[in-house]
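Here is how the chains run, residue by residue.
Protein chains: 2
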Amino acid sequence: MNQDYIKPDNWSIIEEGFDINKVKSSESLFSIGNGAMGQRANFEEHYSGPTFQGSYIAGVYYPDKTRVGWWKNGYPEYFAKVLNAPNWIGINVSIDGEALDLFNCLKIENFRRELNMKEGWLSRSFKATLQNQTQINVETKRFLSLDIDEIGAIEYHVTPLNKDAEIQFYPYLDSGITNEDTNWDDKFWDVLTVEHDDNQAFIMSRTMKTHFYVCTSMQTYLSLNGTILNQDKIVEERDNYIEFQYQNKVIKGDTLTLTKFGGYTVDRNHDKKELCSVAKRTLNEVSKLGFHALLDLQKNSWAKIWEMADITIEGDVKAQQGIRFNIFQLNQTYLGKDAQLNIGPKGFTGEKYGGSTYWDTEAYCIPFYLATKDQKVARNLLEYRYRHLDRAIENAQKLGFKNGAALYPMVTMNGEECHNEWEITFEEIHRNGAIAFAIYNYHRYTGDYSYIPEKGLEVLIGIARFWHQRATFSTLRNQYVILGVTGPNEYENNVNNNFYTNYVAKWCIDYAVENIERIEAEYPSDFIRIMNKVKLSKAELSQWKAVADNLYFPFSEEHNIYLQQDGFLDKELITVADLDQSQRPINQKWSWDRILRSPYIKQADTLQGFYLFEDHFTTEELERHFDFYEPFTVHESSLSPCVHSIQAAKLGRMEQAYTFYLRTSRLDLDDYNHEVHEGLHITSMAGTWMSIVEGFGGMRIKNGVLSFSPKIPKQWKTFSFKINFRNQILKVNVCQNETHFELDGTAALNILVNDKLVTIHPNSLVTV
Amino acid sequence: MNQDYIKPDNWSIIEEGFDINKVKSSESLFSIGNGAMGQRANFEEHYSGPTFQGSYIAGVYYPDKTRVGWWKNGYPEYFAKVLNAPNWIGINVSIDGEALDLFNCLKIENFRRELNMKEGWLSRSFKATLQNQTQINVETKRFLSLDIDEIGAIEYHVTPLNKDAEIQFYPYLDSGITNEDTNWDDKFWDVLTVEHDDNQAFIMSRTMKTHFYVCTSMQTYLSLNGTILNQDKIVEERDNYIEFQYQNKVIKGDTLTLTKFGGYTVDRNHDKKELCSVAKRTLNEVSKLGFHALLDLQKNSWAKIWEMADITIEGDVKAQQGIRFNIFQLNQTYLGKDAQLNIGPKGFTGEKYGGSTYWDTEAYCIPFYLATKDQKVARNLLEYRYRHLDRAIENAQKLGFKNGAALYPMVTMNGEECHNEWEITFEEIHRNGAIAFAIYNYHRYTGDYSYIPEKGLEVLIGIARFWHQRATFSTLRNQYVILGVTGPNEYENNVNNNFYTNYVAKWCIDYAVENIERIEAEYPSDFIRIMNKVKLSKAELSQWKAVADNLYFPFSEEHNIYLQQDGFLDKELITVADLDQSQRPINQKWSWDRILRSPYIKQADTLQGFYLFEDHFTTEELERHFDFYEPFTVHESSLSPCVHSIQAAKLGRMEQAYTFYLRTSRLDLDDYNHEVHEGLHITSMAGTWMSIVEGFGGMRIKNGVLSFSPKIPKQWKTFSFKINFRNQILKVNVCQNETHFELDGTAALNILVNDKLVTIHPNSLVTV
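Chains A and B are the protein sequences, given in the same order.
Residue numbering for the first sequence follows the UniProt record's numbering, beginning at 1 and increasing consecutively.
Residue numbering for the second sequence follows the UniProt record's numbering, beginning at 1 and increasing consecutively.
Simulated from the structure, these hints should not be mistaken for lab results.
Please read all numbers here as calculations on a predicted model, not as lab measurements.
Treat the hints with care, since some could be wrong.
As the list claims (entries may be wrong) - Listed next, the stretches of chain A that the computed footprint assigns to chain B, with coverage defined by at least 3 CB atoms under 8 Å from CB atoms of chain B:
1) 472-478
2) 559-573
3) 582-592
Claimed, not checked - Here are the simulated DSSO-like pairs of lysine-lysine, each with C-alpha atoms no more than 30 Å apart in a straight line:
4) 209/A - 187/B
5) 24/B - 127/B
6) 118/A - 714/A
7) 65/B - 589/A
8) 65/B - 187/A
9) 24/B - 72/A
10) 107/A - 127/A
11) 299/B - 141/B
12) 589/A - 714/A
13) 288/B - 233/B
14) 402/A - 589/B
15) 72/A - 141/B
16) 352/B - 65/A
17) 589/A - 187/B
18) 187/B - 187/A
19) 72/A - 589/B
20) 352/A - 7/A
21) 24/A - 65/B
22) 72/A - 398/A
23) 538/A - 589/A
24) 187/A - 589/B
25) 352/A - 72/B
26) 273/A - 65/A
27) 209/B - 187/A
28) 288/A - 337/A
29) 533/B - 589/A
30) 127/B - 252/B
31) 373/A - 731/A
32) 352/B - 72/A
33) 118/A - 402/A
34) 209/B - 65/A
35) 127/A - 249/A
36) 352/B - 398/A
37) 711/A - 756/A
38) 72/A - 65/B
39) 7/A - 304/A
40) 65/B - 65/A
We put the beta carbon where it would ideally sit given N, CA and C, even for glycine.
I would like the entire structure built from these sequences, with the hints used as guidance.
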């Protein structure tokens, strides 16, 4: 653990006391979002200290100049990045002629921030003594509406404490923003119009190159002690900026409040010519409703999300806070409403990783959304990839593959690859496996086969074709091999026969064949339609099978384990426990060659295969592999601890499982990786959820039957979670000695508990 | 072969006829240089067609912004690049008010370019009909003085042919230049002063960041039919530009000539405050001498170079032209006068590879300079690395090595690494071996051991320390291994146990130990001095030996060959002959992953080891390895054909040797790799020399004795070369049935010819 300033609390993230060294960290941790937009917890008023300003709109990106020293054939021309969007939250404040700036106050007392996860709002309060000796109390509250997701709201209260004071508010819109990670201070937005109308203002801007149109808007009003003032204002307008200026003399003890509504309308949802008029309508609507009514809607909407997605833990506030923080952030990032969107690794909390789609979605996020939302949400995530199939085929063509073989990009915004490191872009091809597995997982969980004949099979065929062509025949081994790959452990590059990659490749082909046969038998018209499209011959199919049936898996007789890759045993096998702590994290301390020749594993690799295909292996096999690989694992990927927590729990190693759980659930709150200032690890948060539900809860689907083998860390009194299983809600409450099941649905549900069949009837409690 | 427009000629490179599509190619091929500066064969007058302008000053570089998508620990902060220097050759010409521009003439006849290699000058002549119907004849001659290497000279003759004409000359200096390979149009030069004095002009400029000071200067005068005119001129001066304007009415048939001297004085050679006054003095000196006297000096100086370095081939003009072109360009690039300089892969002919020092110098160029120059030249090249030893130690430290281990950079200008691809920068570590081998080679050839106790041993110790620390112990094999390297074949990255790398590593340790022991015994005071400096204990020495004595070399029992690397036999072993020609060159057609998993070899790798350590292996072993590896070799590196030519000759495969010879010697003239427009392959030109002297001549040093096993391609009547062996000049003339030896020296020389001892007495011909 590397920081410990967040107050433990069951429902809120709370910071007390102002520390300029924690501003960027808190800007990440207190981020808010509503699926359509999100923002770091930047102050509304100007702050001249170190800060990382960020406001983001879902699906709005920019193809930045590719930065590569040495070009390789096949690299994408551009590198997509999430764009910092125009600022609508800004409210500068001046007190008796001095700008309020927390970096320059004489004294700041009672500083407190709260991110209320139960109700979905962010607040801040403090007492400031300015350089001019005026003392004020400030309270702000802000949220991004789940109900009207193009809008957010802010209330900003100022109360002079030691004297009457002249208070000026300058709420503004600013489209002159840039990215923190920009090369060479490029701008990414062209401003088209800056307008205002009464107490509303609008900036129409357009991203360069991608030409996303966005109207950023605001509406503001002033009130004194809760009564709206009909106040004159000055309008200051510049190229890419508009500001309203309000001035008021406020008597000591009175509270002047600026209320601001604002947000974005984007041309993904509206005709671009109507963005400003839509914004105007929306502002009219919410201002008629008012801040508090909109906040009440917000509370209701979050209550509905929690009703379905909450996990409770009794007896361990930090663990409780951790899991709720993870669930809250996931829901802030992606709500599944729009199949054009996906889940970026940093969500709306930072710029790193370009905000794009990674295999994280399929490998980590889909189980969470499957179990906590309507199944349409997971299906939307699958369709996102179906919609990109043609581009995945083009991508494979660029790398020399033929005949409809599909390689999904490592990183993407619109289906095109937008990453350019050869060892990742060209070689971390296991991502294709996760995309096929997600289809299997969706069907396994929901029982809804319809997606596969409708859309999924084409994806499976493209992927199977890729694996068939990617394998080569080794005369030496008389088997097929897959050379030159990077596995999930990115601390090895260009290795041969990565077990995970080979295993998932074989599985992809087998699964595609199985589904082709089923669809031929059960969905003949779909079968004909698909075959006409993909032109798959029996000869090609049997070539696939030849590869799948005779693929090589590196195995050590000595250790009785599958090898991570051909050369693994050549390494100096010094465990992490024996590695000098001063060398950690190795990705910050070591040059890349040293990392590559070391045995250290960034995240589950062979064990990732044992996680996905758990039922292909015995528990003894899992234990042997876990005991071999985990000691070399440095868990320097946010995606690592969750898988290990699940497996440790399965192996009955509850202390270890608990340690991994804390690490995954409080990764950002406690800043394990020294990087929370860059943003949160959103996609790994779904892994946290898995580590409770699949790890401690032991939830699996076995032949279509929901199955549990509940375990509980000794630190906890009880924990509970709910899952949506085939449109019924099952609540599972695990105590130290028993587990309770409760079903909110209409039909009795047979489940397995520790491999014994238990029937749960609707609305009756079953204790096991 | 991909182009064929250069006229075969024994001594000159000749182009006839003007073709805008060949301009960039000819700009490279007709480049001139004098070791201190060089330039592409750009026209003096403005040319508005496609052109690649380039003028370069030895040792003047710029640390450009590193371009990397994903930063890796240990990468250098900057990427050094050769800088395009201010233009001093420019002479714009206007005829009857129309600018002469070969891209826009109505007609160009009798266009001819000649690079006279015997005398070291470049000429151009043509008859042009301008848009205004005026016909002129133009003749130009240009050279960069070997004798006064800060100066070059140009004569530019214009003769109106069909009418009297108004001729204007605008000789200029321009410091407002940029690089062809610049990112984002950056400028690299700050201009400090622009001055003129009578008919001389000076621009003082300074490179940004590196702060190299350069005075670019010119002096011009006009003559009519050979008589100097005392002509008024106008001076036009701008920020970074100065131009003289001469105007003359010239009667049809008369010839107006502009003579221009110009060049650079640099602060590597002079106090920076005196650069302009030195330039002034030099201009005064050469203008007093005059163009033709300076040209006479030039002819004499080149005659001296050829006297020593020439290789003659009778019966094959193209082969003759090829080898002279290679020898000429090498001498234009590096003359060994300045130990601060080295040999960039493109010399002064282009920007690619940043003009920096690669292992090419040690592996390819040193044998050429050893045999064709005084041994001080090769020693200067060794000292270049000695001077960089501290930085090589720092470089190794950045990668986690300790205790004085040295890793020389892959690419450097000043000793610091300036390349950033992890698979090259961090993993192509065999370069360290070439640097040690050059020391061995120097001693073997010259018999001068003094360099090793004086300087070389420290380098050898730093390198041995690196190899000792870089090897790791494999419990599996019970041997030391070297994991994660890139061998000379850059078409495999991050492989384990590259045979060449392992072999050179072991040799480096053994050679360092051998020299430590010899110096301890024979040079006790040097020994004490060095040991005090490097702090080498007996314990460390025995650790080195443990690694060298128990290092693993991958070997295939089945094929009875050493394997290029552990995984080589897992590849699909389809030979180049069976590869579809449409896929060639693979580095332009295939994505990187596909290249990496293919068996195709860019340049000699295992065979490079057999080349350097030929006497460690039998001819049968060489033959077996040659037969195994050459069929997979695509020779897509300029450094590839020469080694294979030498080995094919040794194996008596003269047809193959001859084919490889043509490919290496005419690589640029015939543009085998479709890239001559980017510049010439200077360092591989030394390989061409080796393929004649070591290949066909079979020259070796065996236990200090010069040895030959002459062979001659059937296409040749005879060929001859000279070598400087320990301060005596031996001329070797190989005919189809006999070989003649002639010694220019003072002492009889025992040599081996086909392993038989032959004594050559000074100034008497011996025929074998």
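Query - Restraint status (C-alpha distance of residue 72/A to residue 141/B at most 30 Å) - result: Distance of about 41 Å is beyond 30 Å: violated.
Query raised in the report: Taking 30 Å as the top limit, are the C-alpha atoms of residue 24/A and residue 65/B close enough?
Result: Measuring from Cα to Cα gives roughly 28 Å; hence the hint holds.
Query raised in the report: Is the Cα-Cα distance between residue 352/A and residue 7/A 30 Å or less?
Result: holds (27 Å)
**Report entry** Proposed proximity, residue 65/B with residue 72/A (alpha carbon, max 30 Å)
**Finding:** holds (19 Å)
Query - Restraint status (C-alpha distance of residue 24/B to residue 72/A at most 30 Å) - result: holds (24 Å)
Query raised in the report: residue 118/A and residue 402/A: Cα distance at most 30 Å?
Result: Given pair residue 118/A, residue 402/A is violated - Cα atoms ~51 Å apart, limit 30 Å.
Query raised in the report: Is residue 127/A within 30 Å of residue 249/A, Cα to Cα?
Result: holds (19 Å)
Query - Hint consistency between residue 402/A and residue 589/B [alpha-carbon to alpha-carbon, up to 30 Å] - result: Judged against 30 Å, a Cα distance of about 15 Å means the pair holds.
**Report entry** Given hint residue 72/A paired with residue 352/B - CA-CA distance at most 30 Å
**Finding:** holds (16 Å)
Report task. Could you grab the alpha-carbon distance between residue 118/A and residue 714/A and see if it respects the 30 Å cut-off? Result -> holds (27 Å)
**Report entry** Pair hint residue 711/A and residue 756/A, alpha-carbon separation not exceeding 30 Å
**Finding:** Holds, at about 15 Å.
Query raised in the report: Between residue 24/B and residue 127/B, does the CA-CA distance stay at or below 30 Å?
Result: holds (21 Å)
In this structure, the earlier hints numbered 12, 15, 17, 23, 24 and 33 are contradicted, and the remaining ones agree with it.
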